[in-house]
Amino acid sequence: GAVVSQHPSWVICKSGTSVKIECRSLDFQATTMFWYRQFPKQSLMLMATSNEGSKATYEQGVEKDKFLINHASLTLSTLTVTSAHPEDSSFYICSAWDFGTDTQYFGPGTRLTVL
Amino acid sequence: GDSVTQMEGPVTLSEEAFLTINCTYTATGYPSLFWYVQYPGEGLQLLLKATKADDKGSNKGFEATYRKETTSFHLEKGSVQVSDSAVYFCALSESNTGNQFYFGTGTSLTVIP
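Top to bottom, those sequences are chains A and B.
For what it's worth, the working numbering labels the leading residue of the first sequence as 698, then goes sequentially.
For what it's worth, the working numbering labels the leading residue of the second sequence as 577, then goes sequentially.
Honestly, the hints are just simulated from the structure, not real lab data.
Owing to the predicted nature of the structure, the values given are computational and were not obtained by experimental measurement.
Warning: the hint list may mix true and false statements.
Unchecked claim - To give an idea of the interface, some chain A residues facing chain B are shown, with a C-beta separation under 10 Å as derived from the structure:
| hint | residue |
| --- | --- |
| 1 | Val-701 |
| 2 | Gln-703 |
| 3 | His-704 |
| 4 | Pro-705 |
| 5 | Ser-706 |
| 6 | Cys-710 |
| 7 | Phe-731 |
| 8 | Tyr-733 |
| 9 | Gln-735 |
| 10 | Lys-738 |
| 11 | Ser-740 |
| 12 | Met-742 |
| 13 | Leu-743 |
| 14 | Glu-756 |
| 15 | Thr-800 |
| 16 | Tyr-802 |
Here a beta-carbon is modelled for each residue, glycine too, at the ideal position from N, C-alpha and C.
Work the whole structure out from these sequences, hints included.
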């Protein structure tokens, strides 16, 4: 079946640095991808909707200058956490919608730890 | 706005016990409803879904019926196995096609032999 991959699966960085997370749809094209954030023992919260070739739509309360999203192709969206701080430590999950099967597929997630 | 309320866990059951995880929702339109499962260290996997009232989704022995009158989509399984141990998320989407999902808080299930 369709697969969505994320890279890296786990990253540790120092406070103040930037981290880029990639989300790829491996065998289908996705015009729309979503980025979620999951805190320990909590649910997934939508951060932004990523549309290929246009600006992302951010949810209320999500800083667009801090969480940069680029959806440059139909199979790749990236989330860059700029000037990361310890409070940005979380599990980031992307999803992509496969038009062919009318199904949303979720990536395995990226665990970010900011020291 | 849309939201999903899910039974809190953790839930611990013995093998072959009956499982129910409650889920209720609030939506402005006519949502599709989903159950996702997350095994340790893995991503979310679609377990089952229902797209309209009275539909029953089923997969791997799990079932859930879309009840519009009670705005519920409870997950059930008649006989759980150790391999069912995971976190289960109830979710809704206003459309079955490419919209954002709203998730419940997740219910951790541990099945002991």
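Taking the hints in turn, this is what the structure says about them:
no.: 1; hint: Val-701; result: holds (8 Å)
no.: 2; hint: Gln-703; result: holds (8 Å)
no.: 3; hint: His-704; result: violated (13 Å)
no.: 4; hint: Pro-705; result: violated (14 Å)
no.: 5; hint: Ser-706; result: holds (9 Å)
no.: 6; hint: Cys-710; result: violated (21 Å)
no.: 7; hint: Phe-731; result: holds (6 Å)
no.: 8; hint: Tyr-733; result: holds (8 Å)
no.: 9; hint: Gln-735; result: holds (9 Å)
no.: 10; hint: Lys-738; result: holds (8 Å)
no.: 11; hint: Ser-740; result: holds (4 Å)
no.: 12; hint: Met-742; result: holds (8 Å)
no.: 13; hint: Leu-743; result: holds (5 Å)
no.: 14; hint: Glu-756; result: holds (9 Å)
no.: 15; hint: Thr-800; result: holds (7 Å)
no.: 16; hint: Tyr-802; result: holds (8 Å)
Of the hints listed earlier, those the structure fails to meet are numbers 3, 4 and 6, in rising order.
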